[in-house]
Amino acid sequence: MTELIESFQFVYGPQMANGLAIGVAVVLMALGLTIIFGLLDVINMAHGEFYALGAYLGLTLVAKGVSFWVCLALVPLIMAAIGYATERALIQRVFHSGDRHTLTLLLTFGLAIIAEDAFRLVYGPNPYKPDAPISGASELLGVMLPNYRLFLIVAGAAIILAVWLVVYRTSLGAMVRASAFDRNMASSLGVPVDKVYAGTFAFGVALAGLSGVLLAPIYSVFPTMGKDFILLAFSVVIVGGMGSIKGAVIAGLVLTQIQSISSLFISPVWSEPLVFGIMVLFLMVRPQGLAGRLGNG
Amino acid sequence: MQQLKLIAAVAAVFLAGQAQAQSTIKIGVVTPLTGTYAGIGQQVKWGIDLAVKEINDKGGILGRKVEAIYEDEEANPNVAVQKAEKLFQVSKVDFLTGTVNSGSTLAVGQVAERNNRLASTTVSYSDAITGDKCSPNMFRVNAKAGMQSEALAEWLVKQKPGGTVYFLGPDYEMGRSTVAAFKDAATKRGLKTVGETFAPLDNKDYSPYFGQIRAAKPQVFYTSVAGNDTVRLLTQMSEFGLTKGMIIVGAAGTITAQNLAAVGKAAEGFVTGVGYTMEIDTPANKKFVGDFKAMWKTDPDLFAVDSYGVVYFYKTAAEKAGSTDTDKVRTAMRGLEWQTPQGKKTMRAGDHQAILDMYAVKIQGGKFKIADKVSGAASVGPDTCTKF
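Which chain is which? The protein sequence lines are F and U, in order. Residue numbering for the first sequence follows this note's numbering, starting at -1 and increasing by one per position. Residue numbering for the second sequence follows this note's numbering, starting at 5 and increasing by one per position.
Do not take every clue at face value.
List of simulated lysine to any residue pairs, SDA-like, C-alpha gap at most 25 Å [unchecked claim]:
1. U/Lys221 to F/Phe263
2. U/Lys301 to U/Gly273
3. U/Lys187 to F/Ser265
4. U/Lys192 to U/Thr390
5. U/Lys90 to U/Lys62
6. U/Lys221 to F/Tyr126
7. U/Lys221 to F/Ser260
8. U/Lys301 to F/Gly122
9. U/Lys248 to F/Gly122
10. U/Lys366 to U/Val278
11. U/Lys221 to F/Ser133
12. U/Lys269 to F/Ser133
13. U/Lys297 to U/Pro204
14. U/Lys269 to F/Leu75
15. U/Lys187 to F/Leu262
16. U/Lys248 to F/Asn145
17. U/Lys164 to U/Thr201
18. U/Lys30 to U/Ala336
19. U/Lys248 to F/Thr58
20. U/Lys366 to F/Phe263
21. U/Lys269 to F/Leu262
22. U/Lys248 to F/Lys225
23. U/Lys196 to F/Phe263
24. U/Lys269 to F/Ser260
25. U/Lys371 to F/Ser133
26. U/Lys196 to F/Ile264
27. U/Lys49 to U/Lys221
28. U/Lys248 to F/Ala135
29. U/Lys269 to F/Thr58
30. U/Lys69 to U/Asp329
31. U/Lys221 to F/Leu262
32. F/Lys225 to U/Pro204
33. U/Lys221 to F/Leu55
34. U/Lys69 to U/Ala288
35. F/Lys225 to U/Lys366
36. U/Lys248 to F/Phe149
37. U/Lys162 to U/Lys221
38. F/Lys225 to U/Lys69
Hints in this document: simulated from the structure, not taken from any laboratory.
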């Protein structure tokens, strides 16, 4: 019995708690991705670089003396403006062409490459590690967890809830969902579809930027950081259902738990292929994912 | 008459040039000057240029001036082979050095054998170069990978005799071989292994492995991750309170000038084994560091000092042989003792591996400080070369 308790305390408990913190981080990344995909039908390959840009912006502002907590509000605002401008200036131009998927994918992929090199030019190739604004660690039921990760879990849950409320419980969210469901019908009912599109893209980008600020103290900041979560986030979006918030949350938490627990039994290198294997399985068996698209639930 | 004078003058200049060319000792340097390893190649060049300048100011080698001729190998063994061939055939260099990655060094060693000329690496770590792939024409003046782990283990066993060690490495060839080498060196000295993990390269989050590490209750934690992986591993361990009371040691490349600032406080107390540190408190090293900074306005690193030393290695050998003839110089190089900023180095005759004192260095106050000196004899390991 004591062995069982000890194995929970030392092995499974921390593993699940850590998995939860990573899961929240992944869901935050997947959220912006899934909203942009669900509404605009655009696969944003530059999402990871928007995440990195958020982290670098936070780093710069903190270095200028702005408090971390102010950055949490300020960076998403700046990022939303950048996102809005990107949508109007670039994505709109290729959005209405026949080959939308290919063109927007290539466009955002190009943006990602430019952004990564721009980070290298401006900030240099070496990593930065901002100090966590909350230090120390707490013990919960014998499981040690750094206080900042506890904060991340709570803050992440609040952000996810807030996003859900905005999309499903406000008239703004109703316009977004209406535009996603039937663009022409929404437009004829007076919804400013173009602005809704740009606004939604800006919202997704702001979420990526916010994740960047939140996660920088844990994962550090460097030019290629955008590639870090993006594959996992794409898997979460595919398994959860492209455009579904509920699906992204469930898929994000389940996949990271699978990854976390499986790394106890198999070589850690194989836990990622396991997750991607699940993604491939979903694409083959249930391509619409756990839940449907943004307009549907 | 006027014309005759002119011809005589031209002839004199021409002959002088000819004599000059004949008497110059040429050292070919095949090193990466562009690409990922350009930073290392730059330090190699700075070190060699400083040594060549010093030697020429004092009359050269055997009364002849020394000239270094550079070729960019782009850290690519195929390019290195072509450039080495060119230096031997066209530039007629007497000695070749500069290769950085171990593949280039091994390939260039074969070119040197074919051309019956001598070469030495000042950077490559792979044990094979002076082990099972040794060559009678290739030497190594820098410490090999095995010496770093031997030096570190030698220091560690003094701190925690019979201590328990947990290993965490990146899951690829270099990561696994460094862990294996250190484990070997540690086990030989009575330290015990209590667990090991190989995490993917560019791993985001190491916390999923912390439960296993905590449960194993190791006294010592060894890692061979590098770059940003080190930043994440050590800062995450420190946030989880895992580093308390544990000795953290690692490979020489785990914490470098590139990531030290980002690792920050979590790097405090980290110990590794190296063949050089600017901290070495000897007149020879202080002079070298001062001259280097005066000439290049930057700090020398390990690669610069070993490359600086290789020029003196050739000088001492050529002067002992009294000639630049390959066979005579090779005989002189075997067993040769020569002075470098790192102290006295001895070239082992059996495998062409230099024996040099190693250092266990510890990060204190954000800087590498010498924790202990480990004699070359204790860290060099047995001679495994069977080719000559």
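Can you name, in rising order, the numbers of the hints this structure does not satisfy?
Hints 2, 5, 6, 9, 13, 14, 19, 20, 21, 22, 24, 27, 33, 35, 38 contradicted; others consistent.
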